[in-house]
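Each chain, letter by letter, is given below.
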Amino acid sequence: MREKKPALIITFPSTAAAMEAESFCQEQGLPGRIIPVPREITAGCGLAWRAPPEAEAALTGALGAAGLAWSDARVLEV
Amino acid sequence: MIYLDNAATTLHKPPQVMDAVVRAMTAMGNAARGAHGGALEASRTVYNTRVKLARLFGCPRPDHVIFTANSTEALNIAISGLIRPGDHVVTTDCEHNSVLRPLYRLEERGAVLDIAPADRLGRVACEDLEALLRPDTRAVVCTHASNLTGNVLDIARIGEMARRRGALFIVDASQTAGALPIDMEAMGVDVLCFTGHKGLMGPQGTGGLCVRPGVEIEPWKVGGSGVHSYDRRQPREYPTRLEAGTLNGHGIAGLSAALDFLQEVGVEAIEAKECALMDRFYQAVSAMDGVTVYGDFSQARRSAIVALNIRDYDSAAVSDELSETYGIATRPGAHCAPRMHRALGTTDRGAVRFSFSWFNTQDEVDEAIRAVGQLAEE
Numbered sequence: 211m212r213e214k215k216p217a218l219i220i221t222f223p224s225t226a227a228a229m230e231a232e233s234f235c236q237e238q239g240l241p242g243r244i245i246p247v248p249r250e251i252t253a254g255c256g257l258a259w260r261a262p263p264e265a266e267a268a269l270t271g272a273l274g275a276a277g278l279a280w281s282d283a284r285v286l287e288v
Numbered sequence: 015m016i017y018l019d020n021a022a023t024t025l026h027k028p029p030q031v032m033d034a035v036v037r038a039m040t041a042m043g044n045a046a047r048g049a050h051g052g053a054l055e056a057s058r059t060v061y062n063t064r065v066k067l068a069r070l071f072g073c074p075r076p077d078h079v080i081f082t083a084n085s086t087e088a089l090n091i092a093i094s095g096l097i098r099p100g101d102h103v104v105t106t107d108c109e110h111n112s113v114l115r116p117l118y119r120l121e122e123r124g125a126v127l128d129i130a131p132a133d134r135l136g137r138v139a140c141e142d143l144e145a146l147l148r149p150d151t152r153a154v155v156c157t158h159a160s161n162l163t164g165n166v167l168d169i170a171r172i173g174e175m176a177r178r179r180g181a182l183f184i185v186d187a188s189q190t191a192g193a194l195p196i197d198m199e200a201m202g203v204d205v206l207c208f209t210g211h212k213g214l215m216g217p218q219g220t221g222g223l224c225v226r227p228g229v230e231i232e233p234w235k236v237g238g239s240g241v242h243s244y245d246r247r248q249p250r251e252y253p254t255r256l257e258a259g260t261l262n263g264h265g266i267a268g269l270s271a272a273l274d275f276l277q278e279v280g281v282e283a284i285e286a287k288e289c290a291l292m293d294r295f296y297q298a299v300s301a302m303d304g305v306t307v308y309g310d311f312s313q314a315r316r317s318a319i320v321a322l323n324i325r326d327y328d329s330a331a332v333s334d335e336l337s338e339t340y341g342i343a344t345r346p347g348a349h350c351a352p353r354m355h356r357a358l359g360t361t362d363r364g365a366v367r368f369s370f371s372w373f374n375t376q377d378e379v380d381e382a383i384r385a386v387g388q389l390a391e392e
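Here the protein sequences come in this chain order: L and Z. Straight run, no breaks: the first sequence in our numbering ends on number 288. Straight run, no breaks: the second sequence in our numbering ends on number 392.
Keep in mind that a hint or two might mislead.
As the list claims (entries may be wrong) - Covered stretches of chain Z, going by a simulated chain L footprint (3 or more residues, C-beta under 8 Å):
hint: 1; segment: 45–59
hint: 2; segment: 246–257
Unchecked claim - Partner residues are not named here, just some residues of chain Z that face chain L (Cβ under 7 Å, in silico):
hint: 3; residue: 77
hint: 4; residue: 240
hint: 5; residue: 241
Calculated directly from the structure, the hints in this document are not laboratory data. Beta carbons are placed, not taken as given, at the ideal position from N, Cα and C, and that holds for glycine.
Work out the full structure: start from the sequences and follow the hints.
And the structure:
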C-alpha cells in the first residue's frame with residue numbers, strides 16, 4: 211500500500227454534486243481528483259475530492275462562491 | 015421501409031448515438047459506484063447528460079434531472095410521489111395511459127380526479143380546465159401534445175393557472191421533448207416527464223423527469239444508491255432520492271450524443287422540418303375523398319402527427335396494407351389514448367397515425383400520400 215499522507219478530503223451529498231464539483235474544479239484549474247470516500251469519514255461507498263491540504267481555502271472558497279454543495283471538508287491521513 | 019411511426023419511437027437515430035452506446039459498452043463502469051476510471055467515466059457521462067437536459071428544458075439544476083427507463087416510469091414517480099389519497103387532481107382527455115392509469119389507481123385509493131373534456135377536434139379549452147381547479151387542487155397533470163392527434167396544449171397558460179391556484183403542474187412531454195421548445199421556468203412546470211427515444215432521438219430505455227427545486231417527490235423505489243450505504247433509508251438528495259439501482263449508463267451515453275446532435279441542429283430547425291413534412295402530408299390527404307383526418311390543424315404549433323381513417327376501413331387493416339404493399343410503417347389502433355379516441359368518435363376502429371421525424375424526406379411523404387390516395391380510391 212502507498213504511504214499515507216495528509217490530504218484534504220471533500221465529500222458531497224450526491225454523486226451528481228461530486229461530478230459538478232469535479233467539472234468546476236477542472237474548469238477553474240483547481241487541484242485534486244475524485245477518490246472513493248475514505249472510511250474515516252463514512253463506511254459508505256461515495257465519492258470524494260482529494261487535494262493537497264494547502265488548497266483547502268482556495269477550494270472551499272471557490273466552491274462556496276460558485277454555490278456548489280459539499281458535505282464535509284477536512285484534512286486526513288490517507 | 016418508409017418509417018412514419020416516429021411518435022412511437024424514432025427508428026432512425028443520428029449515427030453518433032450508436033457510436034456512443036458502443037463506446038460506452040466498452041469503456042464505462044457503473045455510475046456512482048466507485049472511483050476507478052471506468053466508474054468515473056460513467057459518472058461523468060451521466061452528469062454531463064443531466065447538464066445538457068437541464069439546459070434543453072430550462073431546469074434550474076442539473077441534479078434535479080432524474081433518469082428513468084421511460085416516460086411512463088417518470089410519470090409514475092411524479093404522480094405517485096406527489097399525490098396522496100384525498101388529494102384533488104385535474105387532467106385532460108388528451109392523456110396517454112401513462113398518465114391516466116396512475117391517476118385511476120390513485121382514484122381507487124381515495125384521490126379525487128377531474129378530467130377536462132376534449133371536443134371532436136381533440137381540443138381542450140383552457141377555460142374548461144380552469145373551471146375544474148379548486149382551492150385544494152394538489153396537481154394538474156397534462157400532456158404537452160396528444161400522441162394521437164398531435165394537438166398541442168397551451169402549457170404556459172395552464173402552468174400559470176395552476177400556479178395561481180397553488181397547484182403543482184406535472185407535464186408529460188413524451189411527444190414534444192426534442193421536437194418543440196420547452197422551458198420549465200417560463201412555462202411554470204414543476205415536473206417535466208420525458209422519454210429519450212422519441213424526439214430526443216436517443217436509445218430506448220432512457221427517459222426521466224426534471225424537478226423544480228423545492229418540489230419534494232417521495233420515492234416509490236428504494237435501494238442501491240452508491241452513497242450512504244449504511245443508512246436504512248433512501249438518501250433525500252436529488253437525483254439519488256429517485257434513482258435507486260444501476261442507471262442505464264450505456265443508454266444515457268447514447269442520449270448524451272443525441273442531445274449534442276439536437277444542440278447542433280437546433281430544436282427550432284427540427285420543428286420546422288417535421289411540421290413542413292406533416293403539413294405537406296396533411297394538405298394532400300385531407301383533400302381526398304374518403305379520408306377523415308383528426309385533430310386541429312389550425313394550430314400554429316403542433317406535434318408532427320397526422321391521424322386518419324380511410325372510408326369505413328379498420329385502421330389495423332389499413333396500417334397492415336400500408337406496411338405490406340407500400341412498405342410504410344404507421345401505427346393503427348388505440349395508441350394508449352382511450353379518452354381521446356372517445357372524444358374523436360373512433361373507439362370502434364381506432365385510427366392510422368402517421369408521425370414524422372427529422373430524418374424523413376419529402377419523397378417519403380409523397381410516397382405515403384400516393385399510398386393513402388390509392389387506398390382511398392379502392
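How the hints compare with the structure:
For a cut-off of 8 Å, the count of residues in the segment 45–59 of chain Z with a CB near a CB of chain L stands at 8, and the three-residue condition holds. Note: the segment 246–257 of chain Z has 5 residues with beta-carbon separation from chain L under 8 Å; the three-residue rule is met and the coverage holds. Taking 7 Å as the C-beta contact cut-off toward chain L, the hint placing residue 77 (chain Z) at the interface holds, the least distance being around 4 Å. Taken as an interface hint, residue 240 (chain Z) checks out: its beta carbon lies about 6 Å from the nearest beta carbon of chain L, inside 7 Å.
Checking residue 241 (chain Z) against chain L by beta carbon gives a least distance of about 4 Å; that is within 7 Å, so the hint holds.
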